[in-house]
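Novice: Residues in the sequence shown are numbered from 26 upward in steps of one, following the working numbering.
Honestly, the hints are just simulated from the structure, not real lab data.
Among these hints, one or two may not hold up.
Stated by the list, open to error - What follows is a set of in silico ranges between Cβ atoms, one per label pair, in the way DEER data are often shown:
| id | residue 1 | residue 2 | range |
| --- | --- | --- | --- |
| 1 | 35 | 127 | 21 to 31 Å |
| 2 | 123 | 35 | 21 to 31 Å |
| 3 | 99 | 71 | 32 to 42 Å |
| 4 | 30 | 109 | 17 to 27 Å |
| 5 | 78 | 100 | 37 to 47 Å |
| 6 | 78 | 99 | 32 to 42 Å |
| 7 | 96 | 72 | 27 to 37 Å |
| 8 | 60 | 36 | 19 to 29 Å |
| 9 | 57 | 99 | 22 to 32 Å |
| 10 | 54 | 28 | 13 to 23 Å |
| 11 | 60 | 130 | 19 to 29 Å |
| 12 | 45 | 132 | 18 to 28 Å |
| 13 | 105 | 57 | 17 to 27 Å |
This one's a predicted model, so the numbers in the text were calculated from it and none came from an experiment.
Each residue gets a CB set at the ideal place from its N, CA and C atoms; glycine is no exception.
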Amino acid sequence: MDIEKQETIRKLVDDLGAQDLVVVIGAADPEVASITAETVTFGDPSFAGPLAGVSLRLPVYHILEPEVKSAIPAEVYEEQAGFMELVADTEEIGRIFTEIRERLERV
26 MDIEKQETIR
36 KLVDDLGAQD
46 LVVVIGAADP
56 EVASITAETV
66 TFGDPSFAGP
76 LAGVSLRLPV
86 YHILEPEVKS
96 AIPAEVYEEQ
106 AGFMELVADT
116 EEIGRIFTEI
126 RERLERV
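Starting from the given sequences, assemble the full structure and let the hints guide the process.
Specialist: Have a look at this one:
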């Protein structure tokens with residue numbers, strides 16, 4: 026996750042608080058999606074950006090997870106994210122994000 030996006034997320038949390046925010050990630054690559062999810066939940070693992078050492082504890086989902094897909098009108102989802110279902114490993118992404126949310130509950 027680049028520095029500008031980290032700054033934006035941190036500003037949103039500072040301005041609005043974390044209690045009403047949920048992060049939805051759309052990276053098709055499971056590793057990129059995982060690092061992004063970890064960054065907004067537990068802090069920047071590279072210790073290089075504004076979220077270095079900052080655990081925002083934000084709930085995080087992937088656009089391909091059923092919980093997100095069902096909350097978006099079908100035609101909008103298909104137009105904006107449907108193609109990703111053809112190329113992304115949805116099972117692996119779902120497993121990663123479930124694991125991150127479970128870790129968040131335990132911390």
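Novice: Would you mind marking each hint as holding or not holding in the structure?
Specialist: We went through each hint and held it up to the structure:
1. 35 / 127: 21 to 31 Å: holds (24 Å)
2. 123 / 35: 21 to 31 Å: holds (25 Å)
3. 99 / 71: 32 to 42 Å: Distance hint for residue 99, residue 71 holds at roughly 37 Å.
4. 30 / 109: 17 to 27 Å: holds (19 Å)
5. 78 / 100: 37 to 47 Å: With a Cβ separation near 42 Å, residue 78 and residue 100 satisfy 37 to 47 Å, so the hint holds.
6. 78 / 99: 32 to 42 Å: holds (41 Å)
7. 96 / 72: 27 to 37 Å: holds (34 Å)
8. 60 / 36: 19 to 29 Å: For residue 60 and residue 36 the Cβ distance comes to about 21 Å; the hint holds.
9. 57 / 99: 22 to 32 Å: holds (26 Å)
10. 54 / 28: 13 to 23 Å: For residue 54 and residue 28 the Cβ distance comes to about 20 Å; the hint holds.
11. 60 / 130: 19 to 29 Å: Hint holds: Cβ distance 20 Å, inside 19 to 29 Å.
12. 45 / 132: 18 to 28 Å: holds (20 Å)
13. 105 / 57: 17 to 27 Å: holds (18 Å)
The structure shown violates none of the earlier numbered hints.
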